[in-house]
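J.: Each chain, written out:
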Amino acid sequence: MEIAIYGKGGIGKSTISANLSFAWATGGLNVMQVGCDPKHDSCKALLGGIDVETVLDYMRRKGPAEYQLEDLVHIGAAGIHCVEAGGPEPGVGCAGRGILSTFELLDQLGLDRSYFDVVLYDVLGDVVCGGFAVPLRKDYAERVYLVTSGEFMSLYAANNILRGLSNYASVGPRAGGIILNARGLTDEFERVERFAEAVGLPILIRIPRDSLFAQAEKEGVCVAAAYPDSPVARAFTELSQIIWQQTDLYPANPLSDDELETCVLGKTRVKTKSLPTVSLPKTEKVEDQFLSKSLLMREPLHGCAYNGAMNLAVQIRDSITISHGPRSCANLSLQSISSLGRRSLLEKSIVLPVQLRPNILSSEMDETAMVFGGGEALLETVLKAAQFEPELIIVVTTCPAGIIADDVEKILDTYIKKEKHDIPVVILPTDGNLNGDYMQGMMLCYREVARQLVQRNNLPDPDPFLVNIYGEKSIANSTSDNIRLLETWLAAFGAKLHCRYLNDTTKASVQTLLHAGLHINAYDDYMGKFLKEFFLNEFDIEFFPVAFPIGTDQTITFINALGEFFDQPQVAAQLIEIEKTAYEAEMAAVRPILQGKRLMVVSYNHELDWILRTALDAGMEIVKVGLINFSQDVYSESPYREYVGEWEVDYSQEKRLADVKRLRPDLLLGNYNTAETIPGVIFDTIQLSPAGGSDSGRRLARRWVQLFRQDIQEGWRDDVRLFDENFAR
Amino acid sequence: MYDSLTKILPDSFTSMIFALEALRGGTVLLNGPTGCKFYHAAVVGGVSMRSFSYDPLDYPSEFYFGQGQVPCTYLDSHDYVFGSKDKLSRLLEFVKQRSFDFVAVVNSPGAALIGDDLEALLRESQPASVMFALDTPGFSQTYGKGHQDALIALLEQLPLARKPERGYVNLLGFTLMDKYAHGNRREMIQLLKDGGVAVGSTLFDESIDQITNLSKAELNIVVSPENGLSLAKYLEKRLGIPYFIPTLGQPVGFPACERFFEELAEQIAFDLEPVIRSMNSARRRAYYFLSRYTSLLGMPKGAAYRLYGNYSLALPLLHFLTRYLGMIPVELVCSGVPAVTHQRQVEEFMKPFPRNENAEAEICFGDGNDVAASVLKKGYRCGIEIAEPSMGYLDVYEKTLFGPRGALFILEQVLNGLKFSR
Numbered sequence: 001m002e003i004a005i006y007g008k009g010g011i012g013k014s015t016i017s018a019n020l021s022f023a024w025a026t027g028g029l030n031v032m033q034v035g036c037d038p039k040h041d042s043c044k045a046l047l048g049g050i051d052v053e054t055v056l057d058y059m060r061r062k063g064p065a066e067y068q069l070e071d072l073v074h075i076g077a078a079g080i081h082c083v084e085a086g087g088p089e090p091g092v093g094c095a096g097r098g099i100l101s102t103f104e105l106l107d108q109l110g111l112d113r114s115y116f117d118v119v120l121y122d123v124l125g126d127v128v129c130g131g132f133a134v135p136l137r138k139d140y141a142e143r144v145y146l147v148t149s150g151e152f153m154s155l156y157a158a159n160n161i162l163r164g165l166s167n168y169a170s171v172g173p174r175a176g177g178i179i180l181n182a183r184g185l186t187d188e189f190e191r192v193e194r195f196a197e198a199v200g201l202p203i204l205i206r207i208p209r210d211s212l213f214a215q216a217e218k219e220g221v222c223v224a225a226a227y228p229d230s231p232v233a234r235a236f237t238e239l240s241q242i243i244w245q246q247t248d249l250y251p252a253n254p255l256s257d258d259e260l261e262t263c264v265l266g267k268t269r270v271k272t273k274s275l276p277t278v279s280l281p282k283t284e285k286v287e288d289q290f291l292s293k294s295l296l297m298r299e300p301l302h303g304c305a306y307n308g309a310m311n312l313a314v315q316i317r318d319s320i321t322i323s324h325g326p327r328s329c330a331n332l333s334l335q336s337i338s339s340l341g342r343r344s345l346l347e348k349s350i351v352l353p354v355q356l357r358p359n360i361l362s363s364e365m366d367e368t369a370m371v372f373g374g375g376e377a378l379l380e381t382v383l384k385a386a387q388f389e390p391e392l393i394i395v396v397t398t399c400p401a402g403i404i405a406d407d408v409e410k411i412l413d414t415y416i417k418k419e420k421h422d423i424p425v426v427i428l429p430t431d432g433n434l435n436g437d438y439m440q441g442m443m444l445c446y447r448e449v450a451r452q453l454v455q456r457n458n459l460p461d462p463d464p465f466l467v468n469i470y471g472e473k474s475i476a477n478s479t480s481d482n483i484r485l486l487e488t489w490l491a492a493f494g495a496k497l498h499c500r501y502l503n504d505t506t507k508a509s510v511q512t513l514l515h516a517g518l519h520i521n522a523y524d525d526y527m528g529k530f531l532k533e534f535f536l537n538e539f540d541i542e543f544f545p546v547a548f549p550i551g552t553d554q555t556i557t558f559i560n561a562l563g564e565f566f567d568q569p570q571v572a573a574q575l576i577e578i579e580k581t582a583y584e585a586e587m588a589a590v591r592p593i594l595q596g597k598r599l600m601v602v603s604y605n606h607e608l609d610w611i612l613r614t615a616l617d618a619g620m621e622i623v624k625v626g627l628i629n630f631s632q633d634v635y636s637e638s639p640y641r642e643y644v645g646e647w648e649v650d651y652s653q654e655k656r657l658a659d660v661k662r663l664r665p666d667l668l669l670g671n672y673n674t675a676e677t678i679p680g681v682i683f684d685t686i687q688l689s690p691a692g693g694s695d696s697g698r699r700l701a702r703r704w705v706q707l708f709r710q711d712i713q714e715g716w717r718d719d720v721r722l723f724d725e726n727f728a729r
Numbered sequence: 001m002y003d004s005l006t007k008i009l010p011d012s013f014t015s016m017i018f019a020l021e022a023l024r025g026g027t028v029l030l031n032g033p034t035g036c037k038f039y040h041a042a043v044v045g046g047v048s049m050r051s052f053s054y055d056p057l058d059y060p061s062e063f064y065f066g067q068g069q070v071p072c073t074y075l076d077s078h079d080y081v082f083g084s085k086d087k088l089s090r091l092l093e094f095v096k097q098r099s100f101d102f103v104a105v106v107n108s109p110g111a112a113l114i115g116d117d118l119e120a121l122l123r124e125s126q127p128a129s130v131m132f133a134l135d136t137p138g139f140s141q142t143y144g145k146g147h148q149d150a151l152i153a154l155l156e157q158l159p160l161a162r163k164p165e166r167g168y169v170n171l172l173g174f175t176l177m178d179k180y181a182h183g184n185r186r187e188m189i190q191l192l193k194d195g196g197v198a199v200g201s202t203l204f205d206e207s208i209d210q211i212t213n214l215s216k217a218e219l220n221i222v223v224s225p226e227n228g229l230s231l232a233k234y235l236e237k238r239l240g241i242p243y244f245i246p247t248l249g250q251p252v253g254f255p256a257c258e259r260f261f262e263e264l265a266e267q268i269a270f271d272l273e274p275v276i277r278s279m280n281s282a283r284r285r286a287y288y289f290l291s292r293y294t295s296l297l298g299m300p301k302g303a304a305y306r307l308y309g310n311y312s313l314a315l316p317l318l319h320f321l322t323r324y325l326g327m328i329p330v331e332l333v334c335s336g337v338p339a340v341t342h343q344r345q346v347e348e349f350m351k352p353f354p355r356n357e358n359a360e361a362e363i364c365f366g367d368g369n370d371v372a373a374s375v376l377k378k379g380y381r382c383g384i385e386i387a388e389p390s391m392g393y394l395d396v397y398e399k400t401l402f403g404p405r406g407a408l409f410i411l412e413q414v415l416n417g418l419k420f421s422r
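As given, the protein sequences belong to chains R and V, one line each in that order. One point on numbering: in the working numbering, the residue at position 222 of the first sequence is 222, and numbering is uninterrupted. One point on numbering: in the working numbering, the residue at position 385 of the second sequence is 385, and numbering is uninterrupted.
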């Protein structure tokens, strides 16, 4: 028989558990008692008042290879086998996780529960979270008993436990009844009786208040052992027999909060809607509520804030970024950062130092850290990072660190005071995805790094020939080519890059961000708008009116604007002439082939002007543009919309094939090529992050010409059947 | 400045997903946020050759987020407070319609802290005849532990009974993070077949039906103890199948490969002759190239290399590269929980070669990150991948590191690599 005794903290469930165990053991049964309360005093009265090492303390002290079941099970009075789960100090870690860890370890070590006649779980019932509900699972307690007094909060906890139990209704009825541990209140028995009747459970026994309990506790034994002939000892013997012989169990029928108040207190709950509304002063933190698109639109979160922040934080190459969490989180981030580095090296022989060897350390939170808090693990990692004498340490937090509520700021304060080091530390409390998606993490990083590093005082006048660029996409293939193009253009005007915020940069260049006189946004998308607004509000920075350009129109506008800014219109004119000549020559060459061809575009890119303009200049007819919802951008307007036959947002897979059949385009463009083929329709791709300048459109047009000249139906496509047979699933 | 920053290896969470997704006919449901899904699904789709397209529109279902594998419950802060029951129940109902042979639910590290009763949800939904949950992804534990825990959890669901047949073995320890895992597996199956031994199961790239063949084996060969020794011990305890750890580790390079099969022949009836013929043929070919190369360049003797990998892979490579080719290991970094014998041999082997992080070296052996980082750090021009993730080279032609073909392939890369690094 396996039973769980649940009750509010301090209600006496450990006393009742110990006495019940004692009664069964002295009656000849083989008994194990498992204390599931961080207070870890469930078995104390069975162990002569001795505090034994808890399972969780043991896990913290020993390595997995050293774990022995015998170290965790202690023999108490009457041969009762005692286990104390234990738990973290109040205020740190996760006590619920501690219960999960305890049960897992006991299973791993091969604890054979069937060896015992009775296994009793003594469980804290104030919080019926996943961890403390483990004993309710099918594999553990077959019966659940509620210890309560007549106090409202005690009955409230009992009702909550029934709620937890009701989630396991499919297992069948498992509630055994109520054990009334009286506090001597007026009307106490009546209150509990009303509750018992309302939830449909019997009161198995009424245990009166008795000073013998305190006396036995002083002696370090349970009352049934110290005073076997006392009325309370006899009550426990009676209760042990009732439970042992009990055959009827009851379904969990918890009360609603209203019903509970009516039942126990005899009053009707006042609805909150009758309360007046209040007006409260607000802090300036409200400003920070610039939300990512997914959060704003309440869409499923795409990626996690942690990874977004990590990908940006590592771009400050003289810093070390600490991932506070399990190693898997750091590894996932490392792979997403290094993926482009590896590919760039292999495909283009381009070395991207940050992407090839990001300076990341992981605090490698383990099971112990999950239960007791990750403070020690984080401190060790910060000390390790400090040994390398970086210019900056950045700490980014993961889901587990957030869920167990590690107070990173406090932990680091302690460290800084103790070590007296002067390496600045920036904390990015992303808490995995608790604080949002990938994009939200990027925003957090952009914001906090600027706030904590950028110097605002005693600055020289901004140098107009020093240029910052903001919001480059560190994971885009085109970024390295784009920055080279920008440097070429800037050099023509005698200007140069100062800070790439945040891409392959240094702490010093971020600190001196305001030395630059020209601030260019890499993209005019959702993130670009955020950066523009943030730097204007916080640093009074006016961004350049034109973002880094993609396509001919934007390139001409951008270069013209540079000419105006640097007051060198003739330089701008020369650059534009080069771009225009090349573009017009290309269009003249492709027009004979592309003229009149029907184009359909299905895209995650919402900024398509560069491709639409190219198609129109090549004489193509744009029959449809379908824009797919993208986690990182909102839909934008296009000056070429009036030239497009159909323009549809929130486009989907189901529509694509039907539209192609209906509109019969000659060319279907998408970010990804489709496996479908339709005779007469050429399918081709466009980059998710196209290269800047006017060349990207030209290159595409050249490729379309090639495809129209030689539209070869690939033979390999017929082998889809073979793939499905051998590889799929 | 940060040359000594710790290499961050995947942990048990990743390997649980990979171990089960590397099998056929099943699916892993990730009870966690999309941030934990994208990388895993991308690797599984690529390395295990499951996804035929990158187009998210080909995978439009709610839980797949544009990828073909590892559907997830996209947990958010609300779910961490109120539990993941609703989303997971819906996902279970969804996969039930797709008739998988097995369904495994794996908790993300965050989800493991909230303690949802996954088994109860599985029992309610019954999404497949074989179904189980991995509640704890083993926070920061080794890759090998997660890999084996996941496979043992699967085996626990299968009604296996030992029916040993002469001439059957199992190969244990293949993982998706091995370089050319599919080619290695195929090469071993062929070499064993040539010697008259059939493979019951490899617990890799196989369906549940194929896996049940493991009860036929008279011997379990632990190809990689880091990823297979616990499995071998489990199978010994459950089915009474003895296991064997090859003295020189994985059958990589001539010395270790020959020793592997010689030792196998001492354990079971195995005809060594065909393997010896293949090995000698490969050695003849290698001799030709080495003889010409050495006559012109002197190398590969004396060329320095760095090596990053598991002990069971490092040990045979040390024998091949140093004992056979005469190259000098200037740095060796091993990971995973090895067999004691491999660790001792590696340590003994390296005694005459003190570690020197800053020494010049012509070639780096490791995963794509090691190779790429080495290029940055030391300006190497040659890196040879012996583990995933890769640099991105598309291995259309199936390659292997194992057996005589693998030895020649490594030699080919070494000789060409040394040309580049000169």
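One or more of the hints may lead you astray.
To be verified - Coverage of chain R stretches by chain V, computed from C-beta distances (three or more under 8 Å per stretch; other residues unrestricted): (1) 252 to 261; (2) 302 to 310; (3) 358 to 365; (4) 395 to 402.
Hints in this document: simulated from the structure, not taken from any laboratory. We put the CB at the ideal spot given by N, CA and C, even for glycine.
J.: Would you mind marking each hint as holding or not holding in the structure?
T.: Here is how each hint holds up against the structure:
1. 252 to 261: violated (count 0)
2. 302 to 310: holds (count 5)
3. 358 to 365: With 6 residues closer than 8 Å to chain V, the stretch 358 to 365 of chain R meets the three-residue bar; holds.
4. 395 to 402: holds (count 4)
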